Every structure is written in C-alpha cells, then in structure tokens.
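J.: Here the protein sequences line up with chains A and B, keeping their order. Letter 11 of the first sequence, counting from 1, is numbered 11 in our numbering, and no numbers are missing. Letter 36 of the second sequence, counting from 1, is numbered 36 in our numbering, and no numbers are missing.
Check the hints yourself; a few may be wrong.
Claimed, not checked - Below, in silico cross-link-like pairs of lysine-lysine (DSS-like), each with a Cα-Cα straight-line distance of 30 Å or less:
#1 A:LYS39 <-> B:LYS19
#2 A:LYS42 <-> B:LYS19
#3 B:LYS65 <-> A:LYS42
#4 A:LYS42 <-> B:LYS76
#5 A:LYS42 <-> B:LYS43
#6 A:LYS107 <-> B:LYS43
#7 B:LYS65 <-> B:LYS19
#8 A:LYS42 <-> A:LYS103
#9 B:LYS43 <-> B:LYS19
#10 A:LYS107 <-> A:LYS74
#11 A:LYS74 <-> B:LYS43
#12 B:LYS43 <-> A:LYS39
#13 A:LYS103 <-> B:LYS43
#14 B:LYS76 <-> B:LYS65
#15 A:LYS42 <-> A:LYS74
Calculated directly from the structure, the hints in this document are not laboratory data. None of these values were measured; they are calculated from a predicted model.
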Amino acid sequence: DIQMTQSPASLSASLGETVTIECRASEDIYNGLAWYQQKPGKSPQLLIYNANSLHTGVPSRFSGSGSGTQYSLKINSLQSEDVASYFCQQYYDYPFTFGSGTKLEIK
Amino acid sequence: EVQLVESGGGLVQPGSPLKLSCAASGFTFSSNWLNWIRQAPGKGLEWVASINPDGSSTYYPDTVKGRFVVSKDNAKNTGYLQMNNLRSEDTAMYYCARGPNWFAYWGQGTLVTVSS
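So that you can see chain A by itself, here it is in the shape it has in the complex:
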C-alpha cells in the first residue's frame, strides 16, 4: 500500500497569511493526488485533483503543486472561513489512501 505522510498535523496562522501543507507519498504517484477541506461537523469537500487542478467553485487562493512523491497545498491570503482540516489522498493505485490530516486554525 502507498503511505501518505502529511505535515504539519496542526497549523496556526494569521488572517491574510500564506500557508503550505505538505504530503509525501511512499512511492511515485504520478500526480494522482487530491486535496480535501473538511469543516467541523461537515463532509469533506474537494479542493484540488490531479495535484494541481482546481475543482469547480473553489477560490483561486487555493493551489496545488508537486510531482513524484512530494506534493503541497498552498492557501494564499488566509481567511476566517479557511479554518478546517485538510487531507490529501492518492488515487494512483488501490487501495486509495489518505494523509492523516492538517488542522488549520487562525492565530
């Protein structure tokens, strides 16, 4: 199975700041990576697919990058509504696996 190591586990940042969340795969996943946002008590929502493609309706302050085994999610100009947990997911191979999540708070 492909292991997804996500960091940091938690993050505190100020409004307007730029934050970056990382995911490292245990082997090359050839850009088969998605990012999700989950607000408390809600279902996860897709942000990014294919490592760098923005899902419909997602604000452009979210962006994804990376290749091979290293991927990142960047949030520019942090806003209060971005408080949530964020998860990466690889779909290059079965079983699909998720990162352990990053909890983002406002400082």
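Using the hints provided, position chain B relative to the given structure of chain A.
T.: Chain B in isolation, oriented as in the chain A frame:
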C-alpha cells in the same frame, strides 16, 4: 444539483450485519463510479469500497475485504454497502462519494456504531 444521501446507519452489536444506502440525484448515476469512505470519531479518512459504473467491478482495502460488499442499482439510482461481521473498529461516519478516483461530491454521512 448533485445530491448523495446516505441512510441505514445505527447502533449494532459486534458480529452483526448492516446495510447502508446512498440515494443519488442530479447526475447520471449509471455512468459514474460510486465510493464509500469512512471516518472514525475524531480520526482521519479511510477509503472502504469502490464500484464501477455498471457494477461489474468492485475494489476494497484489506481491512474490509471479505466482510463488506458494495453494489449499485442503476434503475433506482441507489448504491449500497452491505457490511457483515461488524467489529468495534468499524465504528465511523460512512460517506458515499462520486468517483472514479478523486471524490468530487460527498453525501452528509450516516453514523455506524458497533458496540455491545
């Protein structure tokens, strides 16, 4: 509008079966993959099953293989997750999501609690 609505969760004893349903609307269900993902209380996400559009192929992780069966009824626009021999570690919120590989649309989830 794409909608996925799960139902069928509840409190069951260890070793019991339970069948979850996922009612779909707002898209062509018969042309889409259906997936189930779960989340234990306060924990991360775990993929548990996928089925292809016509239902001829299914996929599971080792943690549920042999106990869970995913299916879909394209005539009823409904997907199912039959869970057998449930264990305490199966306690989680269960979500259905539209595939095939990234999950663009999710339901609101149904809670399954396995406890004596």
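J.: Each hint: holds or not?
T.: Going down the list of hints, with the structure as the test:
The hinted pair formed by LYS39 of chain A and LYS19 of chain B meets the criterion: a straight-line CA distance of about 27 Å does not exceed 30 Å. A C-alpha spacing of about 22 Å is found between LYS42 of chain A and LYS19 of chain B, which places the hinted pair at or below 30 Å, so the restraint holds. Distance restraint check for LYS65 of chain B and LYS42 of chain A: the Cα-Cα separation of roughly 27 Å lies within the 30 Å cut-off, and the hinted pair is therefore satisfied. Our distance criterion of 30 Å between C-alpha atoms is met by LYS42 of chain A and LYS76 of chain B, whose separation comes to about 26 Å.
Restraint check for LYS42 of chain A and LYS43 of chain B: satisfied, since their Cα atoms lie roughly 14 Å apart, inside the 30 Å limit. Only pairs whose Cα atoms come within 30 Å are accepted, and LYS107 of chain A paired with LYS43 of chain B is accepted, the gap being roughly 23 Å. With a C-alpha separation of about 16 Å, the suggested pair LYS65 of chain B and LYS19 of chain B falls inside the 30 Å cut-off, and the hint holds. Restraint check for LYS42 of chain A and LYS103 of chain A: the C-alpha separation of about 14 Å stays at or below 30 Å, so the hint holds.
In summary, the hint linking LYS43 of chain B to LYS19 of chain B is supported, as the alpha carbons are separated by about 23 Å, within the 30 Å threshold. Among the hinted pairs, LYS107 of chain A with LYS74 of chain A is consistent with the structure: their alpha-carbon atoms are about 17 Å apart, no more than 30 Å. For the proposed pair LYS74 of chain A and LYS43 of chain B, the alpha carbon gap of about 23 Å is at most 30 Å, so the pair holds. This hinted pair checks out: LYS43 of chain B and LYS39 of chain A have alpha carbons roughly 13 Å apart, not beyond 30 Å.
For the suggested pair LYS103 of chain A and LYS43 of chain B, the alpha carbons sit about 11 Å apart, so the restraint of at most 30 Å is met. Of the pairs offered as hints, the one joining LYS76 of chain B and LYS65 of chain B holds, with about 26 Å between alpha carbons and a cut-off of 30 Å not exceeded. Restraint check for LYS42 of chain A and LYS74 of chain A: satisfied, since their Cα atoms lie roughly 22 Å apart, inside the 30 Å limit.
Comparing the model with each numbered hint stated earlier shows that all of them hold.
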